[in-house]
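> Input sequences plus hints: build the corresponding full structure.
Chains as they are written, first to last, in the working numbering: chain H, 1 to 187; chain W, 188 to 374; chain Z, 375 to 496; chain B, 497 to 618.
Careful: at least some of the hints might be erroneous.
Stated by the list, open to error - One side only, chain B facing chain Z, incomplete, derived with CB under 7 Å:
no., residue
1, V507
2, I510
3, G536
4, D562
5, L588
6, V589
7, E590
As the list claims (entries may be wrong) - Label-pair distances were calculated between CB atoms; the ranges are:
no., chain 1, residue 1, chain 2, residue 2, range
8, B, M497, H, Y24, 23 to 31 Å
9, B, S553, W, D328, 46 to 54 Å
10, W, G305, Z, E487, 46 to 54 Å
Calculated directly from the structure, the hints in this document are not laboratory data. Quick reminder that beta carbons are idealized off the backbone N, C-alpha and C, glycines included.
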Amino acid sequence: MLDVENVKSWMTKFNEQIQAHHDYLSELDTPIGDGDHGNNMARGMNAVMEAIADKDFTDVPAIFKTIAMSLISKVGGASGPLYGTAFMEMAKVGDGEVSALLPAALAGIKKRGKAETGEKTMVDVWAPIAEKTDFTADDVDKAVEATKDMIATKGRASYVGERSVGHIDPGAMSSGYLLKALLEVEE
Amino acid sequence: MLDVENVKSWMTKFNEQIQAHHDYLSELDTPIGDGDHGNNMARGMNAVMEAIADKDFTDVPAIFKTIAMSLISKVGGASGPLYGTAFMEMAKVGDGEVSALLPAALAGIKKRGKAETGEKTMVDVWAPIAEKTDFTADDVDKAVEATKDMIATKGRASYVGERSVGHIDPGAMSSGYLLKALLEVEE
Amino acid sequence: MEYGVVIVSHVSEIAQGVKRLIEQVAKDVPVTIAGGLENGDVGTDMQRIIQAFEDNSATKLLAFYDLGSAKMNLEMAIEMTDKEVKLYDTALVESAYTAAALLQVETKIEDVEAQLKDLKVK
Amino acid sequence: MEYGVVIVSHVSEIAQGVKRLIEQVAKDVPVTIAGGLENGDVGTDMQRIIQAFEDNSATKLLAFYDLGSAKMNLEMAIEMTDKEVKLYDTALVESAYTAAALLQVETKIEDVEAQLKDLKVK
Ligand SMILES: Nc1ncnc2c1ncn2[C@@H]1O[C@H](COP(=O)(O)OP(=O)(O)O)[C@@H](O)[C@H]1O
Ligand SMILES: Nc1ncnc2c1ncn2[C@@H]1O[C@H](COP(=O)(O)OP(=O)(O)O)[C@@H](O)[C@H]1O
Ligand SMILES: [Mg+2]
Ligand SMILES: [Mg+2]
Ligand SMILES: [Mg+2]
Ligand SMILES: [Mg+2]
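Here's what the structure looks like:
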């Protein structure tokens, strides 16, 4: 069960990963997209950190809503409304129960992006993890890696269709960072 | 049989009509188009007059080519390539034989605009006139007027479809000026 | 006017340019735009889309967009506004032009939508 | 690159904006534009289209346009150039984006054209 402090350190760890892999995320986005995923996420997470640092939140839903709004308004790419909706739906859960949060986030992402598994998007990381009662960093890595062989049928990568095979999906990778950061906080 | 001087006075008379009815042509273009036909034709004919005034032409095809290029490069709307192609095709006739020029112009306009009669375009004025061995100002006026009841299926006016009924086609009107100016020169 | 048009594009120039193109044939149709990010970069921004809804003097809006990620932001904006907004998965420039030209001559919305159907590309 | 893209629009902002949008996903595809008239007004100009053909470093060009009158000027320009130009009656923004994204990853022209077919709107 996450509390507000847990969520803050979750975001802090996630932000570290995003900033550290800023270039790598944009590189992943170059052959199958527009090369901005690292920039988008870095900008969005800067806004999140600014919005939550030194601020008191009454409860977990309140901090989730603030995170959601920062991502929605600052990311600028498809991943903005997707991550934004994920956090918005997590806010609706009402508390910090991880086994309820992840399915809520997944449902939000699927609703927003109208994607199913196997379409080479972040859904392919969220889905297998949200369906597990317990997950490991290895589960996450495997889910991220599995997007490599998929043919993109949603998002910008779908324009290059079969040519997307052989490349890891950038949103899957950033989602992997988010889920592994959660693992560290839960430990 | 037109000679170079005849063509010059044809253009002079046509230009007078265009400049005099500048606003009216744009008004006709407003309910069923973008309201620029008067501007387009005025700009184009200014360029034509500048290109042919005080200039010697070896023959009728040469002056037709110059007129065509001025219209193509200066009109800026659909009527530019249409009138331009008309004069280009007239240049190919090789002399000033009106009974050959008008069918050539009509064929050029139809090729360029892919329009047939009854689509509420300038074709509806060129076609009935070019098919006659002799025509009168009254024939021209009738052809122009007949576009009023047509439903536009080509050009910008086709976007408003049935709503185009009740309005004279602007390109039909300017074509009417051109053909009546020719009558005056032939007399 | 009852109906207005909203243009959402990843690039501010596209949004501005489409507005310019359609205003030529639809002087009385309210057209508002959300193009690019606040800092001028390429992208779409839900707040700017909501702003375009608010700035439009019409209460019922037809919204057109370029790429799928604009659609997601549009959908979020629609969830958050009081205006009645309908989005169309149609060719951006062509359908905005068609809709504006038809609305200008007070075409019934059903007829506008019938024409837009042929422009569906996404 | 063997293939390049040419954007023809009545409005210079649209042409510039589409170039900006597609260059993001197609850094190596030569894109040239002909937007509006010389004086900045709305319209299309055959000379500017020919210029866009010449300025494009590719020898084979895919041309996209907004409205029918642009098509007429495009066709005249095609008759006058030595380049191999093919014009598509497809959604301007969406098809220019699709073509550029596919050309960037060296998709065969047949496959590019197959994708463009779905974007035919005029
Ligand atoms: N419809 C969708 N459903 C789920 N995820 C999507 C969808 N479209 C895009 N994505 C995710 O978003 C990522 C791209 O994000 P980003 O580069 O920030 O946005 P953009 O594509 O607008 O530049 C993709 O790698 C993919 O994981
Ligand atoms: N495809 C076409 N075939 C024949 N004539 C056409 C066609 N499209 C437009 N026109 C003519 O052009 C006229 C409009 O010219 P103009 O206003 O100068 O161009 P635009 O419509 O580009 O603003 C119409 O009134 C019509 O007579
Ligand atoms: Mg991207
Ligand atoms: Mg982007
Ligand atoms: Mg006009
Ligand atoms: Mg015009």
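> The structure should be examined with respect to each hint, and the outcome stated for every one.
Cross-check of the supplied hints:
{"no.": "1", "hint": "V507", "in the structure": "holds (4 Å)"}
{"no.": "2", "hint": "I510", "in the structure": "holds (3 Å)"}
{"no.": "3", "hint": "G536", "in the structure": "violated (11 Å)"}
{"no.": "4", "hint": "D562", "in the structure": "holds (5 Å)"}
{"no.": "5", "hint": "L588", "in the structure": "holds (5 Å)"}
{"no.": "6", "hint": "V589", "in the structure": "holds (5 Å)"}
{"no.": "7", "hint": "E590", "in the structure": "holds (5 Å)"}
{"no.": "8", "hint": "B:M497 - H:Y24: 23 to 31 Å", "in the structure": "holds (27 Å)"}
{"no.": "9", "hint": "B:S553 - W:D328: 46 to 54 Å", "in the structure": "holds (53 Å)"}
{"no.": "10", "hint": "W:G305 - Z:E487: 46 to 54 Å", "in the structure": "violated (27 Å)"}
The structure shown violates the earlier hints numbered 3, 10.
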